[in-house]
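Undergrad: Chain by chain, the residues:
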Amino acid sequence: MRAFAELLDRLVLSPQRNAKTRLLVDYFQTAPDPDRGYALAAIAGTLSLNTVKPAMIRDLLLERMDAVLFRYSYDYVGDLAETVSLVWEPPAGTVQSDVPLGAAIERLQMTGRADVRSVVRDMLDRLDTPARFAFLKLVTGGLRIGVSAKLAKQALAEMGGKDVAEIETLWHGLSPPYLPLFRWLSGEAGKPALSTPAIFHSVMLANPVGDGDLDALDPRDFAAEWKWDGIRVQLANIGGTRRLYSRSGDEISSAFPDVLEAADFSGVIDGELLVGGTTRTNRATRSFADLQQRLNRKTVNHKLMDAYPAFIRGYDILFSGDRDIRPQPFVERRAMLADLVDTASAQHFDLSPLVPFSSWEELDQLRAAPPDPVIEGIMLKRLDSPYTPGRVKGPWFKWKRAPYNIDAVLIYAQRGHGKRSSYYSDFTFGVWTVVDGKETLVPVGKAYFGFTDAELEILDRFVRDNTTERFGPVRAVRAEPDFGFVVEVAFEGINRSTRHKSGVAMRFPRIARLRPDKLPRDADRLETLLAMIETREST
Amino acid sequence: MKPDALLYPAPKGLYCQIGDFYIDPVQPVERALITHGHSDHARAGHGHVLATRETLDIMGIRYGEGFCGASQAVSLGETLVVNGVEVGFHPAGHVLGSAQISVRANGTRIVVSGDYKRRRDPTCAGFEPVACDVFITEATFGLPVFHHPDDRAETRKLLTSLAQFPDRTHVVGAYALGKAQRVIALLREQGYHQPIFIHGALQRLCDYYQSRGIDLGELRPATLAADEKQDFRGTIVIGPPAAFADRWSRRFADPIAIFASGWMLIRQRAKQRGVELPLIISDHCDWAELTQTITEIAPSEVWVTHGREEALVRWCELQGIAARPLHLVGYDDEGE
Numbered sequence: 001m002r003a004f005a006e007l008l009d010r011l012v013l014s015p016q017r018n019a020k021t022r023l024l025v026d027y028f029q030t031a032p033d034p035d036r037g038y039a040l041a042a043i044a045g046t047l048s049l050n051t052v053k054p055a056m057i058r059d060l061l062l063e064r065m066d067a068v069l070f071r072y073s074y075d076y077v078g079d080l081a082e083t084v085s086l087v088w089e090p091p092a093g094t095v096q097s098d099v100p101l102g103a104a105i106e107r108l109q110m111t112g113r114a115d116v117r118s119v120v121r122d123m124l125d126r127l128d129t130p131a132r133f134a135f136l137k138l139v140t141g142g143l144r145i146g147v148s149a150k151l152a153k154q155a156l157a158e159m160g161g162k163d164v165a166e167i168e169t170l171w172h173g174l175s176p177p178y179l180p181l182f183r184w185l186s187g188e189a190g191k192p193a194l195s196t197p198a199i200f201h202s203v204m205l206a207n208p209v210g211d212g213d214l215d216a217l218d219p220r221d222f223a224a225e226w227k228w229d230g231i232r233v234q235l236a237n238i239g240g241t242r243r244l245y246s247r248s249g250d251e252i253s254s255a256f257p258d259v260l261e262a263a264d265f266s267g268v269i270d271g272e273l274l275v276g277g278t279t280r281t282n283r284a285t286r287s288f289a290d291l292q293q294r295l296n297r298k299t300v301n302h303k304l305m306d307a308y309p310a311f312i313r314g315y316d317i318l319f320s321g322d323r324d325i326r327p328q329p330f331v332e333r334r335a336m337l338a339d340l341v342d343t344a345s346a347q348h349f350d351l352s353p354l355v356p357f358s359s360w361e362e363l364d365q366l367r368a369a370p371p372d373p374v375i376e377g378i379m380l381k382r383l384d385s386p387y388t389p390g391r392v393k394g395p396w397f398k399w400k401r402a403p404y405n406i407d408a409v410l411i412y413a414q415r416g417h418g419k420r421s422s423y424y425s426d427f428t429f430g431v432w433t434v435v436d437g438k439e440t441l442v443p444v445g446k447a448y449f450g451f452t453d454a455e456l457e458i459l460d461r462f463v464r465d466n467t468t469e470r471f472g473p474v475r476a477v478r479a480e481p482d483f484g485f486v487v488e489v490a491f492e493g494i495n496r497s498t499r500h501k502s503g504v505a506m507r508f509p510r511i512a513r514l515r516p517d518k519l520p521r522d523a524d525r526l527e528t529l530l531a532m533i534e535t536r537e538s539t
Numbered sequence: 001m002k003p004d005a006l007l008y009p010a011p012k013g014l015y016c017q018i019g020d021f022y023i024d025p026v027q028p029v030e031r032a033l034i035t036h037g038h039s040d041h042a043r044a045g046h047g048h049v050l051a052t053r054e055t056l057d058i059m060g061i062r063y064g065e066g067f068c069g070a071s072q073a074v075s076l077g078e079t080l081v082v083n084g085v086e087v088g089f090h091p092a093g094h095v096l097g098s099a100q101i102s103v104r105a106n107g108t109r110i111v112v113s114g115d116y117k118r119r120r121d122p123t124c125a126g127f128e129p130v131a132c133d134v135f136i137t138e139a140t141f142g143l144p145v146f147h148h149p150d151d152r153a154e155t156r157k158l159l160t161s162l163a164q165f166p167d168r169t170h171v172v173g174a175y176a177l178g179k180a181q182r183v184i185a186l187l188r189e190q191g192y193h194q195p196i197f198i199h200g201a202l203q204r205l206c207d208y209y210q211s212r213g214i215d216l217g218e219l220r221p222a223t224l225a226a227d228e229k230q231d232f233r234g235t236i237v238i239g240p241p242a243a244f245a246d247r248w249s250r251r252f253a254d255p256i257a258i259f260a261s262g263w264m265l266i267r268q269r270a271k272q273r274g275v276e277l278p279l280i281i282s283d284h285c286d287w288a289e290l291t292q293t294i295t296e297i298a299p300s301e302v303w304v305t306h307g308r309e310e311a312l313v314r315w316c317e318l319q320g321i322a323a324r325p326l327h328l329v330g331y332d333d334e335g336e
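Same order as they appear, the protein sequences are chains A and B.
Residue numbers for the first sequence follow our numbering, beginning at 1 and rising by one.
Residue numbers for the second sequence follow our numbering, beginning at 1 and rising by one.
Only chain A is shown next, with the shape it has when bound in the complex (with noise of 0.2 Å):
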């Protein structure tokens, strides 16, 4: 545990890229197994631990300590399991010993639900500082190191001499702590051997247009198609395994067992999750607020399949059969996929529409006013291009339309996380309505990104020199008509809501603009988003 919580220390400290790889590699190159394979799970998020909620370590904590100084000490650090790692004090007598990262999370997974509390204070009495520290962030759910999946793939590529692409290619048919994947690396035995069936295809990803870059190309060798409001999802159907994968490889068969049941298919498809009905069925497709509902479910029933059916608007075919097809240029595919979802169930299969188009002006119009409420914009693919796996800028374009855009006034704020914990860096906007014949700010919605750092400065002086209330760490500034902080939010879609007040809910809002050339009274009202919201829906 030592090593690891080393490495999570510095790479959490580097900003470089090429230092976090390098370190990296040091790391897998003498850590030992499974040490090692169960890091790279913890970095590359495939770690399955049943998680502690902070409030049990903060019980575990509170029974030795004083609660005034654990408050002080909490206050001044700002992170629970940093907090926690200082100031935790083993019996007198404890001996230290560093617990192999393995042995640690092997235990915790053999550990019962009855039986978690005095296995992590034991660990906690057992391990020294720096340990504790990436104990906790092991068991609490949250590393946050600044490194993702795709760098730890690189690390494994470099240290083994192999392409980043073979290790993409075996990534998901692998799992912690990866033994046959550093035996390869380390040259002590062949490639893996995949033996599991239907295992996740890293997805072809697109880039955004910019300014410039259709200029240079001719609009005769795309094809373009409506981007769906969906989620992209893979289905893959090998040798009878069916699974259904989110575009990170997050197997989500569970939630869909309506879409796995109909695909009688062989093959791997990719395409977005939707419900609502088909092109097919000639029902309407329907918005991604009616997707949510079937989301981040275990289970699923009869009702709530019947309410929100879902099915798969298919956009590419990976394999056909166990063939991969991924080499073959995208007009050949989509003629195969449109061969493959003619045959396959029409409540549960559709063909996602070319749009066609001669010139770059007229697919912008259409993107500015496409025919459909659950089309966010439009996809470039180049007709000769195979699926690659990553984004690759070139062959695929995403074109979103334009966001929406509204003024809104601040009304709380919360201190960030991490590198903004000194910040108020969470806002709480909200618009005018007239509540019991009053004037009223409604909260319609949350944003922390979006601004600059140096808007970021402005933002957090307001917050600190007009603070009105305190909750815990979030803050009400004052907001009256002529006295307040406007800014512009953009957000990509806009929703009914029970279970916001206001009745809406918005779509990855960000600040666009700060505008402290208006007053509040000038920003927009209830009535403007209740108003996007019918438009939307009479389209």
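No lab work stands behind these hints: they were computed from the structure.
Please note: incorrect hints may appear among the correct ones.
[Claimed, not checked] Dumping the calculated SDA-like pairs for lysine to any residue here, alpha-carbon to alpha-carbon at most 25 Å:
hint, chain 1, residue 1, chain 2, residue 2
1, B, Lys271, A, Thr129
2, B, Lys271, A, Arg415
3, B, Lys271, A, Leu151
4, B, Lys271, B, Pro166
Use these hints to put chain B onto chain A, whose structure you have.
TA: Same frame as chain A, but now just chain B:
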């Protein structure tokens, strides 16, 4: 007599009315007793200064020879009488020349710790506990979170990084008085005998340490002649923390930012400063050492000066020890 009648906090610092002197005053006064040479404790412009030889020399180096009207050197362990008050200087283990000052009159004795630490330090004499009625302790790291690790393990991190990243310049920020010399001495103890490059602000203090018999090995200025091509890759460079943000640091090849300070224990502190390799090395006591020192000295009262007073006062309350914060202003613990 009541301890308050012997020593009490006044706007210019801790004041002894009977002896008519201040200890570590933050503004110019007629008569000052100085615990150690850090600039928040040792200021220029006093009429008369009583301090150890080393502290006086250090003040001379920092402020120039005319830093006070008259000075008087006192040795550690020595006791003398100032206007009828018995005054003693005892080693504090903080930096070269640092002392605790004891003040006794009418049977009451108060010890002012100044800044102190309990760990071994190759560059200064170790702390000696002094029995007293009131112990005035600093509380720079007065929170239960602070547990300074072994300083040798910390300097080893630096040597490991040097092996791991041989093409990068390892630029260490360290307070110019005490910390810088201690880091150098620790590196030497661990067998690092390459020349260490130092910022100009460290030169005279390092020379002074060497003249007092503290071996710092070969030190070279981290400066370049106009025609020199050296870019310092693979070397250790030490400078005051503020020099990082300076143009000074641009001359180094692919620098890795290192900072030697007790604050580096807190990850956010390291991150906010852009430190890549924090070295948790402190010239102050950590929480365990503060509380152990109070237990060991067993004074009937504890007064807490600069730092995080509230937690240490709370701890004393829980132990049944009378304690109160002094709320002295003007001491800056950020430079640690």
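Undergrad: Looking back at the hints listed earlier, which ones does the structure fail to meet?
TA: none
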